[in-house]
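Engineer: Read off the chains here:
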Amino acid sequence: MKILAIAGSSAKKSNNFKLLTFMKKHFTDHDITIESVRGIPLFNENFSGNMPAPVIELATEAEKADAVIIACPEYNHSVSSALKSTIEWLSYELHPLRGKPVMLVGASTYPQGSSRAQTHLRDILNSPGIDAIVFQGDEFLLGNAATAFDDDGAIAAAGTVTFLEKCVAQFAEFVQHFIDEGCSDCTAVENAVAERQEREKSVEKDGEKDEERAVTK
Amino acid sequence: MKLTAIVGTNADFSYNRLLLQFMRKHFWQLADIEILEVSQLPAFTEDFDDLTAAEQTEVWRFKTAVNKSEGVIFSAPEYDHSIPAALKSAIEWLSYKATCLTDTPAMVVGVAYGTQASARAQEHLRQILASPDCSAYVLPGHEVLIGNVGKTFSDGVLSDPASIKNLEDNFVAFAEYATSINSMPSLQENSEMLKKPFISDAYITFPTGKLTLSQAQQIFSTIPFEVDLIDATDHFTWYSDKPNREHVRYVSELGEGVEECHPPKALPIVMKIINSFREGKSDMVQRPLMMHGHRTLIQYYALRDVDGRYLGTIEFTGSVENILRQFEAGAWPTTEEMAETGGVTPDATSGASTGGAPEGAGTAAADNVDDHGEAAANTGVADGPAIPRALAMNVDATSSASAH
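Protein chains in written order, with numbering that gives the first Met the number 0: chain W, 0 to 216; chain P, 0 to 403.
Only pairs whose alpha carbons sit at most 27 Å apart, straight line, appear in this in silico BS3-like list of lysine-lysine:
hint, chain 1, residue 1, chain 2, residue 2
1, P, 62, W, 12
2, P, 96, W, 17
3, P, 96, W, 11
4, W, 17, W, 165
5, W, 63, W, 23
6, W, 12, W, 23
7, W, 11, W, 24
8, W, 1, W, 12
9, P, 96, P, 67
10, P, 96, W, 12
11, P, 209, P, 241
12, P, 96, P, 62
13, W, 24, W, 1
14, W, 12, W, 24
15, W, 11, P, 62
No lab work stands behind these hints: they were computed from the structure.
Computed from a predicted model, the values in this text were never measured in an experiment.
Build the full structure now, drawing on both the sequences and the hints.
Structural biologist: Here it is, written out as structure tokens:
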């Protein structure tokens with residue numbers, strides 16, 4: 000199945016990005032695309048002009064995917080502001096996660112493996128406007144991430160890999176139900192972007208008219 | 000009290016901003032509130048070098064303002080059941096390789112359009128502020144949840160009486176909380192106190208050098224006599240902590256009046272000595288007596304400041320057995336021998352060192368005092384002060400010899 004994997008850290012060196020890279024390599028049954036929140040601007044409800052290109056790109060990828068996996072770091076016992084910002088973009092004028100099966104994984108340098116951030120992330124993803132269908136199976140919490148990977152970027156502990164395989168298999172089964180029920184409309188993001196562009200154009204035209212009026216006066 | 004207040008959103012219009020503006024005006028007598036905008040900040044990044052110089056300056060300004068304040072108010076709206084990314088980003092700036100919020104009193108407030116009034120976001124915010132990297136002291140309880148802005152605000156100003164009353168109660172609680180948190184000794188100071196109860200590393204600086212408190216305490220425990228102090232208000236306030244004291248004292252006796260710590264029989268004599276000190280009529284009274292089977296000397300001195308004002312009476316008590324035995328073994332010449340060798344006369348020595356007549360009167364009076372049950376020795380005034388002079392003479396002789 001087609002999966003979008005979002006790395007939730009804006010740092011150049013990210014253990015969560017590393018985790019997703021390993022998953023893409025390991026789970027060859029699935030078509031996994033990795034995107035990062037790095038490069039997504041800080042959300043502002045009063046942004047002007049068209050939506051930022053990286054946001055549209057990410058939303059389009061999410062809409063096309065059968066499912067989304069979010070790799071969540073933990074900053075101050077919660078999600079990173081960069082990931083929160085991304086989710087705000089994906090719940091404002093665009094809603095590509097609506098009805099989308101989402102799985103949470105996470106890595107952190109401490110033993111807890113982002114457990115508290117994942118709990119916050121569940122709260123966030125369950126809020127209206129996002130309407131994601133968060134998979135509630137086993138939790139994948141990769142602690143001590145600094146030493147968890149071998150030189151080839153693979154998770155070193157065989158038991159951890161086996162557990163991750165089990166988690167992904169359960170999630171795939173869960174996602175299959177939604178695929179069987181028929182794919183949702185995949186034009187919502189496109190329509191929303193077009194709608195905003197139309198609005199921006201008319202604002203520009205109004206601006207031009209104002210200028211014309213000013214000139215004729 | 001200087002506080003900072005952080006508007007928890009980067010939106011152009013925000014009721015949370017209006018709430019903080021209301022608080023700044025409403026509580027101006029209680030606190031000087033500086034409002035900070037998270038919209039001035041770049042998105043948090045661990046890669047600080049990626050920012051422009053102007054962005055780095057904004058981050059520095061923001062952190063400095065919070066650092067200088069005595070408490071922080073967070074006003075949070077709710078985005079997706081949590082705080083806005085812009086506020087989370089600002090908190091990451093304050094806590095990543097920084098301690099701007101550490102041990103800082105913090106208050107959480109919030110406004111929202113609906114009845115929920117950012118309750119879930121405020122709960123997340125409290126958890127975030129309690130995380131080790133933040134370690135803020137968040138005012139517990141005391142929720143400020145202002146919902147239904149259509150009714151609670153009018154013309155951009157908080158107007159609902161119940162909401163204002165609630166805000167006042169909570170802000171006063173925060174001001175008190177912040178004051179007590181900020182006056183707490185640091186944890187490091189506390190752990191020092193655990194290690195060394197009663198003694199800190201402070202110094203007492205005298206004109207002739209300085210002593211640590213522990214040196215001062217140990218000097219009193221080491222000198223070969225014990226010391227008691229009756230202060231200028233005639234209360235027993237201190238004694239030296241010395242093993243095998245002649246007079247056994249207890250901490251529970253501290254603070255007792257002179258009349259409480261002396262038997263009534265002895266009180267008139269004691270008060271006579273103290274009053275003669277207070278009135279400046281005498282400076283020293285001494286009592287030779289037998290205590291616990293050995294020869295003991297008690298000396299009372301008037302304690303005065305450098306201007307001569309009476310500060311209290313100190314009592315020195317010590318066994319003189321060691322000195323007397325050395326004398327008897329011929330350690331020093333007798334007074335007669337000294338007179339024969341052309342040394343100083345006893346009268347001149349005595350007068351020079353102890354200030355003359357009053358001590359004699361004191362001794363006579365004190366001889367009758369028997370407040371501790373020991374028999375007063377029937378001896379005269381010991382003429383000790385001759386000794387230092389004799390030693391001084393020897394030193395002179397030596398130095399003149401070496402000069403030849």
